[in-house]
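2 protein chains.
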Amino acid sequence: MVKTIETTHDKSDIIIQLLNAQKARQFREEYLDLHVYEQAQIFTDLTEKQRARLYRYLTAEEVGDMFDAIEEEPEEVVNYFKEMTPQYAANVIDQMYTDNAVDILAYAQKKDLAKYLRLIPQEKAAEIREMLHYEDKTAGAIMSTEFVEIVGNQTVRSAMHVIKREADDAETIYYVYVIGSNEKLRGVLTLRDLLTHDDDEMIEDIMTTPVMSVQVSDDQAEVAQTIRDYNFLAIPVTDYDGRLIGIITVDDIIDVIDEESAEDYSGLAGVDTDEETNSPLKAAVNRLPWLIVLLLLGMSTTTLISHYESMIGEASILAIFISSITGTAGNAGTQSLAVAVRRLAEKEEDQPSWYKQFLTEFFTGLLTGFVTGLTICLIVGIWKQNFVLGFVIGMAMMCAITVANLAGSFIPNLMDRIGVDPAVASGPFISTLSDLTSVLIYFNIAKLFMQFLMGK
Amino acid sequence: MVKTIETTHDKSDIIIQLLNAQKARQFREEYLDLHVYEQAQIFTDLTEKQRARLYRYLTAEEVGDMFDAIEEEPEEVVNYFKEMTPQYAANVIDQMYTDNAVDILAYAQKKDLAKYLRLIPQEKAAEIREMLHYEDKTAGAIMSTEFVEIVGNQTVRSAMHVIKREADDAETIYYVYVIGSNEKLRGVLTLRDLLTHDDDEMIEDIMTTPVMSVQVSDDQAEVAQTIRDYNFLAIPVTDYDGRLIGIITVDDIIDVIDEESAEDYSGLAGVDTDEETNSPLKAAVNRLPWLIVLLLLGMSTTTLISHYESMIGEASILAIFISSITGTAGNAGTQSLAVAVRRLAEKEEDQPSWYKQFLTEFFTGLLTGFVTGLTICLIVGIWKQNFVLGFVIGMAMMCAITVANLAGSFIPNLMDRIGVDPAVASGPFISTLSDLTSVLIYFNIAKLFMQFLMGK
Numbered sequence: 177m178v179k180t181i182e183t184t185h186d187k188s189d190i191i192i193q194l195l196n197a198q199k200a201r202q203f204r205e206e207y208l209d210l211h212v213y214e215q216a217q218i219f220t221d222l223t224e225k226q227r228a229r230l231y232r233y234l235t236a237e238e239v240g241d242m243f244d245a246i247e248e249e250p251e252e253v254v255n256y257f258k259e260m261t262p263q264y265a266a267n268v269i270d271q272m273y274t275d276n277a278v279d280i281l282a283y284a285q286k287k288d289l290a291k292y293l294r295l296i297p298q299e300k301a302a303e304i305r306e307m308l309h310y311e312d313k314t315a316g317a318i319m320s321t322e323f324v325e326i327v328g329n330q331t332v333r334s335a336m337h338v339i340k341r342e343a344d345d346a347e348t349i350y351y352v353y354v355i356g357s358n359e360k361l362r363g364v365l366t367l368r369d370l371l372t373h374d375d376d377e378m379i380e381d382i383m384t385t386p387v388m389s390v391q392v393s394d395d396q397a398e399v400a401q402t403i404r405d406y407n408f409l410a411i412p413v414t415d416y417d418g419r420l421i422g423i424i425t426v427d428d429i430i431d432v433i434d435e436e437s438a439e440d441y442s443g444l445a446g447v448d449t450d451e452e453t454n455s456p457l458k459a460a461v462n463r464l465p466w467l468i469v470l471l472l473l474g475m476s477t478t479t480l481i482s483h484y485e486s487m488i489g490e491a492s493i494l495a496i497f498i499s500s501i502t503g504t505a506g507n508a509g510t511q512s513l514a515v516a517v518r519r520l521a522e523k524e525e526d527q528p529s530w531y532k533q534f535l536t537e538f539f540t541g542l543l544t545g546f547v548t549g550l551t552i553c554l555i556v557g558i559w560k561q562n563f564v565l566g567f568v569i570g571m572a573m574m575c576a577i578t579v580a581n582l583a584g585s586f587i588p589n590l591m592d593r594i595g596v597d598p599a600v601a602s603g604p605f606i607s608t609l610s611d612l613t614s615v616l617i618y619f620n621i622a623k624l625f626m627q628f629l630m631g632k
Numbered sequence: 177m178v179k180t181i182e183t184t185h186d187k188s189d190i191i192i193q194l195l196n197a198q199k200a201r202q203f204r205e206e207y208l209d210l211h212v213y214e215q216a217q218i219f220t221d222l223t224e225k226q227r228a229r230l231y232r233y234l235t236a237e238e239v240g241d242m243f244d245a246i247e248e249e250p251e252e253v254v255n256y257f258k259e260m261t262p263q264y265a266a267n268v269i270d271q272m273y274t275d276n277a278v279d280i281l282a283y284a285q286k287k288d289l290a291k292y293l294r295l296i297p298q299e300k301a302a303e304i305r306e307m308l309h310y311e312d313k314t315a316g317a318i319m320s321t322e323f324v325e326i327v328g329n330q331t332v333r334s335a336m337h338v339i340k341r342e343a344d345d346a347e348t349i350y351y352v353y354v355i356g357s358n359e360k361l362r363g364v365l366t367l368r369d370l371l372t373h374d375d376d377e378m379i380e381d382i383m384t385t386p387v388m389s390v391q392v393s394d395d396q397a398e399v400a401q402t403i404r405d406y407n408f409l410a411i412p413v414t415d416y417d418g419r420l421i422g423i424i425t426v427d428d429i430i431d432v433i434d435e436e437s438a439e440d441y442s443g444l445a446g447v448d449t450d451e452e453t454n455s456p457l458k459a460a461v462n463r464l465p466w467l468i469v470l471l472l473l474g475m476s477t478t479t480l481i482s483h484y485e486s487m488i489g490e491a492s493i494l495a496i497f498i499s500s501i502t503g504t505a506g507n508a509g510t511q512s513l514a515v516a517v518r519r520l521a522e523k524e525e526d527q528p529s530w531y532k533q534f535l536t537e538f539f540t541g542l543l544t545g546f547v548t549g550l551t552i553c554l555i556v557g558i559w560k561q562n563f564v565l566g567f568v569i570g571m572a573m574m575c576a577i578t579v580a581n582l583a584g585s586f587i588p589n590l591m592d593r594i595g596v597d598p599a600v601a602s603g604p605f606i607s608t609l610s611d612l613t614s615v616l617i618y619f620n621i622a623k624l625f626m627q628f629l630m631g632k
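Listed in order, the protein sequences are those of chains A and B.
Going by the working numbering, 348 is the number at position 172 of the first sequence; the sequence numbering is gapless.
Going by the working numbering, 472 is the number at position 296 of the second sequence; the sequence numbering is gapless.
Errors might be hidden in some of the hints.
Pairs involving identical chains hold if they fit within one copy or between any two copies, as the list cannot separate such chains.
[As the list claims (entries may be wrong)] Mimicking DSBU-like on lysine-lysine, the simulated pairs with C-alpha atoms at most 35 Å apart in a straight line are:
id : residue 1 : residue 2
1  : Lys258    : Lys532
2  : Lys532    : Lys560
3  : Lys560    : Lys291
4  : Lys623    : Lys291
5  : Lys286    : Lys300
6  : Lys225    : Lys532
7  : Lys360    : Lys623
8  : Lys360    : Lys532
9  : Lys340    : Lys225
10 : Lys199    : Lys258
11 : Lys187    : Lys340
12 : Lys458    : Lys532
For the record, the hints were derived by calculation from the structure and aren't laboratory data.
Build the full structure now, drawing on both the sequences and the hints.
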């Protein structure tokens, strides 16, 4: 029988009933039969009372495995530890992979953290303490310290023994790392390599070297790109002396890719799209800051337009096309911005230089501006039977699109250079800048032709 | 020594020099020492003449492994086959993983395809033929047919023999699948499971069952979500009778996640952001269609505004705030759209109902609209010393934001329901609809207060 996601969901009701009915043995049987991800899904739906019962029915090891798969925000997961006895919580933390435990403990109160760390075996506690110091979004912050290490002068047979012994604790056993003196990373072997070589061969004869690795302070996005390009299942992390201190596995990288793309998308939309709330109040609080900032930035455009109020009073037809010009230039700017942001995110070596990208955008702007401007010129000319007006609007649109394209490529590159994430803040700057320049260009071109426009 | 990406890049110059100097043996040594991803990076930079030489120096098997790692668009890779003798091309294709070969052959001309398939071993040719029929973006289109299958009534020892034998060809050996009669999928075992059990244990006693699997016609985005949630390295693909026909590995899924998020981002920005060109002409061709469509859609707003031209003539101050109102409502609509698109993409079970989401957006719109409206009312009231005008603009903004929020949540849900990808086409609809309603609301509210506005 093939298991589908639906059958799992039917099961969750039965399991919760068993918990309510205090049938400990049956509950354990059914619950532990599920994949940890499914266990976690059920767990996060429980009430506090049900959770208290679950902690009694399951061992800290079982709960720890399940906590590795929880998808709630760490600042919420940390509260579960407070519901447990300190020793039970410490055991749960001890069972979890260090990277996952650290994510959550980063949100614990100082005194709780100290309490847990005292109750956790010393070695693990030291690892947690160290990892808590790595900066967010670096290799150090997402790495796991549970990996298999072997040495060069052992045989394939003895390496296989090490792997079997550590199979239960290591995050992956499919890559094993060869270390030399001082824990220096020397080589790597896949389990596939080990299986296809004779038992008596020496590790240093068959290991892959040099090893592709990342440094503990590397940006998580770069690590993700490397794993993606090379189709690795894991990559080793070294400190500044080339010592192996952790690994990053592909499942952590998928979360990174997801997080980064959600950020890009959110940046363009001006909202945290992972807003999980169904409360209009919380949603409003999430969205209002950007809306107000954009409104205030937009007021600069409004102020600029108001300088031309007398011109509008004389030729009200001009007002009709403001939004068409600012809108189209804004669209062009967003296109150019999106292309630039994606290129920056990919960080590939063979990218055209900054200067060249800028030049490309300039000519792209001129070309798209010319075609779009010609289109609107014809439409307005025919619609309003006034080709002077059509020409003014067409010219304004062409200039505005060219400027917007330049801004769309210039601003994210500038932000990247000064160390600000271009995805987050570029959007509103582009649209404000492009609105301002569009209005300026439009009314100044219109001014030149005012006598012809008035005549109409 | 830890290898970094930079040292690889230095090497590529040396390797190309060896190729130019016709030093076949040394070229082979240096080139094949690189990771296939790096080999592919160098390959795609070669000239046609250099490539011809490379085909002579390397075996079809070596080129096939490298082609598995090529990141160029398949429609371009297919042209390389034309540079080879048909038999050599067939051997390269035979060596590649079926899923990768199929991606490329989908772009081959009919007569070329027939030629290659005739020269490829029958079994593989049949697989390729079948996979060419799977719809794009389904599990069938991205699956690989190189997996390890064992049966239930064999021992761990004999299963390990099967794995070792197939280690060179299978896409992954870290998951092995247990099949029953008629190739039906019965269970799964990780290599970790096998290593931690006694050699004499029977597979059916230790296999994990039931197996989480996907059907050949399932959407690739759903497959990606499952692999991500469960942290799998691979997932089996079954046909409608539950027969195992392929697997999808995590590296293919990373590409899917990347592709899907790029699509969402591109949809919001109205441009294919993976545009890799540095030619302004090509970039313009890529961007113009959306720009023109958006311009034409925007003309409906312009037409609507032109209906109120006489009102603007009487009170030109009204014109100044059009872009502020349409802009802010557009921003609110984009926020609401982005949240809805992300929710649809996640396809989680515990999502609020359609109706409830709609209600949440309505109240979110009212709340954000009220705060934003109040802000602009105060700004305009103080700036222009005219609180009636402030009230008109504030009211209009509040109504316009509420409507935009509703549209932003309604349209993507509707599109999803009728089977159109909401990420691709929603953006322009939202902004057009929100512009139109904003203008309509604004001028109708203004009309009610016209006598007070004229007084100013």
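Point to revise | Violations among the numbered hints | key: Hint check: 2, 3, 4, 7, 8 and 9 fail, others pass.
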